[in-house]
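In case you want the letters, here they are:
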Amino acid sequence: MRLAARLLALVALMAAQAALAQPESKILRVTFQAAETGFDPARVHDYYSGMIIEAIYDTLLTYDYLARPAKLVPNAAAALPEVSADGRTYTFRIRKGISFADDPAFKGRKRELTAQDFAYSIRRFYDPKNRSPYAFLFTGKIIGLDELAARAKAGAKFDYDAPVAGLQTPDPYTLVVRLKQPDVNFDYVLAFPLTAGVAREVIEAYGEESPSHPVGSGPFLLKRYVRSSKIVLARNPSYRGKTWDFDPGDNARFKQIAERMHGKRLPAIDGVEVSIMEETQSRWLAFQRAETDIEYQLWEVAPTYMTDDGRLKPEFVRRGIQLDRTVDPEVIYLFFNMQDKVGDAPNPVGGFGRERIALRRAIAMSYNVDDQIRIIRKGQAVRAQYPIPPGVTGNDPRYTSVIPYDPRAANALLDRYGYKKGPDGYRRQPNGEALVIRYTSTPTERDRQFDELTKRSLDSIGIHMEIQKERFPEYLKAQKQCRVMMGHQAWIADYPDGDNFMQLLYGANIHESNNACYDSPEFNKRYERSRQLHPGPERDRLYHEMTRLMETETAWLLTDSRVRNSLQQPWVVGFTKHPVLHAEWLYLDLEPKPAY
Amino acid sequence: MREQGVWALAWRRFRRDRLGFASLIVVLVYVAIVLAAAAGWLGRDWNNEAGVSFAPPTFLGPEAVESPQLAKAAEGAQPAADYGIPDPLAPDLAEIAKSLSGASPGEARSPTLPFGGDKWGRDVLKKMLKGTETSLLVGLGAAALATFLGTLFGALAGFRGGWVDDFFNWLYSVFTSIPYLLLVLAIAAVVNQKGTFTVILILGLTGWTGIFRLIRAEYLKHRVREYVLAADAIGASSMRRMFVHILPNVSHVVLVQLSICVVLFIKSEVILTFLGFGVGVDTVSWGSMLAEAGSELLLGKWWQLTAATIAMAILVTAFSLFTDAMRDALDPRLK
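Just so you know, the sequences run in chain order L and C. Under the numbering used here, the first residue of the first sequence carries the number 1, and numbering increases by one thereafter. Under the numbering used here, the first residue of the second sequence carries the number 1, and numbering increases by one thereafter.
Next comes chain C alone, as it looks inside the complex:
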């Protein structure tokens, strides 16, 4: 039998874990949705007012009553008098009125939508698909940033030791002495700018601490192993030893941490946006959907909450199970 690499072995172990494999497929489906949404095949027109306000899901049928009536405007309003004040735009507006005199094309609004509509009548299903793109993008982007920072800092601290180690430990203590959400909110308040990129930055810059601690420990352990000492003996630079020799041997830790962070940051984005520090109004994410759902629920409009919750619950569960399975598969001690 041919000698198998560590990755092929891990993959065989992973495939034996049926739950883990199923969750991988779910995660891949989500990634496919994100790619389709980013390419504009899915949920592109989520911002259109397709249905009436709070259009119920199609399987419930249209609402018996019309949407809330307007409070009556002043009755018997008099034709607009000019009170002796001329309007500088009056000639323009008169000409425009003449040229537009055809009946204005009435927008047809559907009374129901596949999974209901929000308060502006936007399709909740499309919002959910488009929101998946934002939320997963934030999760992956922030996790990548946090993992990069955590690995870099951890490697430097663990490998170099001395004052470098002291410095990063001090930074670590500062970041972890503040409760996580409070730290995130404080940084969000200081940045005070909305947008997907800002959210990624905030979460990434605050989320590296856990990875740092683990990677530092790994590097402390590995830098005195024979293979590293051997590399040193043949004249490998410390950079080479750190990132070419040791890093592949601790990469399973990095990978597992990365996926744990994805789950954490998807949830954090939801919380941030719910509290009003997240993505802007022209972007939809699960967090913005849940933030809207709070007041909708009081009115008995449950579909937006349901859609966002289901989408998030499935992804978070699948990702967690996938992470679990991956750790089992990659950890050489668990055979």
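Pulled out of the complex, with its shape left as it was, chain L reads as follows:
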């Protein structure tokens, strides 16, 4: 009897000890909907790898977590850069005492992050051996480096030690960048995660293996990595730490976040566990079973967890699940090829003649953007009227488009300009030739819905449309070569400034990002002037004129910007989707999960 009681007490004691042994470590569990490609900043270009790179490395600048539109703040730099009066010299002072995570490549020494590392990282973008997809961030901008790259392309090895006038480090904590032309947006480039500082020893030690051996000075380090399946990050013990200190402004939700997070030492969590799950349904089920903490890649199933007016359904509210809604800094648009010819064939939708403008206008007026939002997006998008989306400097929410949805007027307009219907019910060109619009899209289920909507729209005004299918990379290539007559495209902000969107219509960017191949002297003149200006009323006035020009000549029909619905488990604290930062892992916290 006594023995039994003692045994019982012992068991109880052991159980209690086990419970006390260690506070549950705070591991954030998230998913990616597409596989990563690797973590060498100069060699990757996909969004998901960028998220990991942002967590492991330090960039010179970063964004304020709560300021909207997004605002630059210093990160590895001690302050925002000093810019010379002519806008061509940027001087960065690096914060002292930042050190890299320990790694065998450093041979047991603590390694400090210096200006040299950033200079090296920038040079890596020019090294043809790295074939960096993001080289355009720097190409043609910094004095002397293009010449260095040209020599390497000619066969020589890229010289990382050659002195270059445009990229200098007078002391270990100062980086001076001299540009060929004034560029008011150059500081945004240095907040882009891929421009983070890497250590030369590490890159040289791992060689071709560098994408799977990231060593940075940022808040996390790579602990376990199973390619295309699992990425586990742990808190970097050498990280200098930050204090949560952001101004919530007037936003009620930000105020709640600030109340619970203010003064916390960052990172507040111990690690991040990323699972790659490509299917929406798997991600949704995993979140419902509380196997993931944050999920914001659930567009297709939005109506299962949201009411029509954008609130969480009561059964999820009862479970304490939180919903954070933001509009992505992107615009999606229907574009027309504005050139007179597509390849060798004449282009019926191109050119600036009145009857061509009338045709494009009629097509734009027949396209029901509300149906696109209601049916294809399941209500999870907002109408775009201005080429600069919400959350990006230069956005004007009060601007209204001059292109209404009005298929009856569109039909009347075509009648007026001599697009007469032939015996098959389809319209002919004013000169009597057949009129066939070739529309290009990719072979996905989502694009099939766009095909349907576009085809229905053109049928409603009696215009014959053919659909051509290209896989996504080929579709982009065809756009660059101005071989796409009409199609849909999306552009998401690389940096939160209107210039990133207005350049999409600039004539000199044909064969790069100007997929409408729109070359309007009036537009170009204004764009060139806007590039010299800092954000403000004067630049806004130019942007308004440019937008109206684009509309009256109808190069694009702006359609929508998608809403990002971020679901969070009850124990996630301080999360809100940032418009530009890839991941918010540094700024949030986890509370103990309730025991089940």
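Quick caveat, the hints were computed from the structure, so don't treat them as lab data. Just so you know, not all the hints are guaranteed correct.
Label-pair restraints from in silico Cβ distances [to be verified]:
hint, chain 1, residue 1, chain 2, residue 2, range
1, C, T306, L, E466, 25 to 35 angstroms
2, L, R318, C, I314, 40 to 50 angstroms
3, L, R95, C, A90, 52 to 62 angstroms
4, L, E279, C, F197, 26 to 36 angstroms
Owing to the predicted nature of the structure, the values given are computational and were not obtained by experimental measurement. All C-beta atoms, glycine included, are put in the ideal place defined by N, C-alpha and C.
Fit chain C to the supplied structure of chain L, relying on the hints for placement.
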């Protein structure tokens, strides 16, 4: 009693198989639907937006809540200023606006449809009927093409032997060494053009291998039979021996294979369209309906999936049973 031909005998045997006979009637009903749809009596206006988006089936009654509300557009939008940029079409548009100033005729959209609506509000029942036309057309067309090729190749290979046989065997090995669906997808990717005819071509060109193998074996067997040697002795050409003498004697194999292929190709069309290589957007087929149904099901809209699945399941089952019965009836060894 009068002497009965082989076909009359087969027909008597077939009629005794009640399940087979019933399935024949089901297949005939489908064929009638296809003919009616092709003539434009059925499902002609399937592309019309008859109901509201995702209108539920009539027997469930209308949905309590309206279809999803639009996210609010910018409020207090200012009247469109011209920012000093004139619109070259402004005079035309102003005149058009004046002439169209009457209230635009609002389309009446029904809140429910007999078997529900799809995301654009199209009638699922009409889509199913029209889809039957496409799917059966693809099935029959592709099966006819595949059977023609398989029979021709098989006859040549089996009858001629030698290098002709070697060549067709080599072709056969190449086609069968690649997994079937992968082969179909590869050819679809190369053709990269949408349309019912393309699907028929793809399926027909890849599906002849099974028939080829069987027909070749039959011809190997038959070409040394007495009646063929007799035909040879009286001077019949080899073409005549192949297609006038032997073919009728192996036709039961061809017929059975044809109907097996119909079932296979109806399913293949569904898979092809589901994967985005099938018919175009202005055509409806069961495959395109099922492809749409995937995302609809997540939202709880089950009617399109149900309609397409039932239509397909009934036809495929009936056709398979019919094929079975036909083989029993035609095979002279099973008496």
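Okay, the hints, checked on the actual structure:
Checked against the given bound of 25 to 35 angstroms, the beta carbons of T306(C) and E466(L), roughly 33 angstroms apart, stay inside it. Look at R318(L) against I314(C): about 43 angstroms separates their beta carbons, and that is inside 40 to 50 angstroms. Between R95(L) and A90(C) the beta carbons are some 57 angstroms apart, a value that agrees with the proposed interval 52 to 62 angstroms. With their beta carbons about 33 angstroms apart, E279(L) and F197(C) fall inside the hinted range of 26 to 36 angstroms.
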